[in-house]
Structure formats: C-alpha cells, structure tokens
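*Asks:* Residue numbers (our numbering), protein chains in the order written: chain A, 7 to 98; chain B, 7 to 98.
Since the hints were derived computationally from the structure, they do not count as laboratory data.
Treat the hints loosely; a few may be bogus.
Claimed, not checked - For each label pair, taking beta carbons as the anchor points, the in silico distance ranges come out as: (1) 57(A) / 45(B): 32 to 38 Å; (2) 93(A) / 55(B): 34 to 40 Å; (3) 32(A) / 32(B): 29 to 35 Å; (4) 8(A) / 37(B): 15 to 21 Å; (5) 30(A) / 55(B): 16 to 22 Å; (6) 61(B) / 61(A): 39 to 45 Å; (7) 30(A) / 48(B): 27 to 33 Å; (8) 22(B) / 62(A): 22 to 28 Å; (9) 59(A) / 55(B): 34 to 40 Å; (10) 22(B) / 48(A): 19 to 25 Å; (11) 65(B) / 7(A): 24 to 30 Å; (12) 62(A) / 59(B): 32 to 38 Å; (13) 56(B) / 31(A): 19 to 25 Å; (14) 32(B) / 57(A): 19 to 25 Å.
Model, not experiment: these values are computed from the prediction.
A virtual CB, placed ideally from N, CA and C, is assigned to each residue, including glycine.
2 protein chains.
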Amino acid sequence: MTQLETSVACMMKVFDTYAGKEGKPDSLTKAEVKALLESELPGLLKGAQNQEDLDKLFKELDFNGDGEVDFNEFMVLVASITCVCHGRPCKK
Amino acid sequence: MTQLETSVACMMKVFDTYAGKEGKPDSLTKAEVKALLESELPGLLKGAQNQEDLDKLFKELDFNGDGEVDFNEFMVLVASITCVCHGRPCKK
Numbered sequence: 007m008t009q010l011e012t013s014v015a016c017m018m019k020v021f022d023t024y025a026g027k028e029g030k031p032d033s034l035t036k037a038e039v040k041a042l043l044e045s046e047l048p049g050l051l052k053g054a055q056n057q058e059d060l061d062k063l064f065k066e067l068d069f070n071g072d073g074e075v076d077f078n079e080f081m082v083l084v085a086s087i088t089c090v091c092h093g094r095p096c097k098k
Numbered sequence: 007m008t009q010l011e012t013s014v015a016c017m018m019k020v021f022d023t024y025a026g027k028e029g030k031p032d033s034l035t036k037a038e039v040k041a042l043l044e045s046e047l048p049g050l051l052k053g054a055q056n057q058e059d060l061d062k063l064f065k066e067l068d069f070n071g072d073g074e075v076d077f078n079e080f081m082v083l084v085a086s087i088t089c090v091c092h093g094r095p096c097k098k
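Work out the full structure: start from the sequences and follow the hints.
*Replies:* Right, here's the structure in full:
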C-alpha cells in the first residue's frame with residue numbers, strides 16, 4: 007500500500023470505530039464526532055493557528071442537533087479543521 | 007501524533023507535492039489530480055468493487071477542464087473514491 011492508501015485506510019478505521027458506538031454504524035452522531043475529534047486530533051486542535059475560526063467551525067457543527075455525519079462529510083470536516091489549524095487557504 | 011493526525015499530515019504532504027508541480031501551489035490542476043490518483047491510490051483503484059461508479063466519478067472530474075482542486079475538494083474526492091471502491095454508502 008502507498009502512504010496515501012494507508013492514510014485513507016486509517017481514516018476509515020477511525021470513522022468506523024466511532025460510528026459503531028451508537029446509532030447507525032455507517033454514520034457518526036454529533037456526540038461521536040465530538041469524542042472522535044477530542045481524542046484523535048488533540049495536537050492539531052491544540053496547535054490551531056486560528057483559534058477563532060476553529061471555535062466557529064465547532065459551533066457550526068451543532069453538537070446538540072440530530073444530524074448525522076457520513077464518511078464523506080467526515081472527510082470534509084477533517085479537511086476543514088486541517089485548513090483552519092494550518093492557516094491554509096480553502097474554499098468554503 | 008495520533009494515527010489520524012499522521013494520516014492527515016500525510017494527505018497534506020501528498021497534496022502539496024503534486025500541487026507544487028504546476029500552476030498555483032495551493033491547488034491541483036486536473037492533470038495533477040490524475041497523476042496523483044494513478045500513482046498514490048493504485049491498489050484502491052484496482053480493487054474497486056464498483057468499477058462502473060469509479061469510471062463515472064472520473065468522467066465527472068473533467069480532466070480536460072480548467073477547474074482547480076483545493077485541499078478541501080481533494081479530501082472529498084479521496085473520500086468519494088474510497089466509498090466507491092469499498093462499496094460504502096455515502097450521500098452525494
């Protein structure tokens with residue numbers, strides 16, 4: 007496997023591990039998203055270059071809503087967090 | 007770094023390596039996307055469970071157009087390919 011394939015496999019494994027905790031096994035509840043981000047991206051979140059944008063991103067997630075996050079949305083979320091934390095330009 | 011953070015870092019590195027080849031350094035041209043997918047996701051693409059959906063995804067990319075793919079879009083693309091190759095349910 008190439009490095010990128012290993013990375014994709016890891017992201018899928020992390021997604022599946024948390025998605026399996028409650029509700030549908032192929033999507034994350036907002037509570038699962040929160041637990042995942044806090045446990046699996048601690049260094050990235052802690053070192054955020056723009057804490058304000060990060061807070062905004064979290065607020066937009068609406069952790070108390072009943073929306074669910076599928077694998078595609080999860081990847082977008084991780085990408086958005088990465089962009090904010092590294093101060094990378096990303097279209098909205 | 008957690009496994010997920012290592013994966014995100016790897017995806018960013020692969021993106022940057024290919025994005026730097028031509029045009030803007032913070033986005034991929036369609037030619038760069040094609041080169042990246044063929045070199046970095048060979049096993050995933052080869053083992054696709056649904057080759058028809060994969061062909062469709064590639065056609066939708068319009069490799070001859072002049073659109074550019076930023077990091078966020080790149081993550082969505084990789085997620086979509088992963089879903090198609092593994093026969094995972096993903097919202098469009």
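*Asks:* Could you run down the list of hints and mark each one as holding or not?
*Replies:* Hint check:
Checked against the given bound of 32 to 38 Å, the beta carbons of residue 57(A) and residue 45(B), roughly 36 Å apart, stay inside it. Residue 93(A) and residue 55(B) have their C-beta atoms about 38 Å apart, which keeps the hinted 34 to 40 Å range intact. A hinted range of 29 to 35 Å holds for the C-beta pair residue 32(A) and residue 32(B), which are about 32 Å apart. A beta carbon spacing of about 19 Å between residue 8(A) and residue 37(B) agrees with the range 15 to 21 Å that was offered as a hint.
For residue 30(A) and residue 55(B), the Cβ-Cβ distance of about 21 Å falls inside the hinted range of 16 to 22 Å, so the restraint holds. Hint check: residue 61(B) to residue 61(A), Cβ distance near 42 Å, so the stated range 39 to 45 Å holds. The supplied range of 27 to 33 Å is met by residue 30(A) and residue 48(B), whose beta-carbon atoms lie about 32 Å from each other. Checked against the hint of 22 to 28 Å, the C-beta distance between residue 22(B) and residue 62(A) comes to roughly 25 Å, which is consistent with it.
A hinted range of 34 to 40 Å for the beta carbons of residue 59(A) and residue 55(B) is consistent with their spacing of about 38 Å. Range check, residue 22(B) to residue 48(A): about 23 Å between beta-carbon atoms, so the 19 to 25 Å window is met. Look at residue 65(B) against residue 7(A): about 26 Å separates their beta carbons, and that is inside 24 to 30 Å. Hint check: residue 62(A) to residue 59(B), Cβ distance near 35 Å, so the stated range 32 to 38 Å holds.
Restraint check, residue 56(B) to residue 31(A): a C-beta distance of roughly 20 Å satisfies the suggested window 19 to 25 Å. Taken as a hint, the range 19 to 25 Å holds for the pair residue 32(B) and residue 57(A), whose Cβ atoms sit roughly 22 Å apart.
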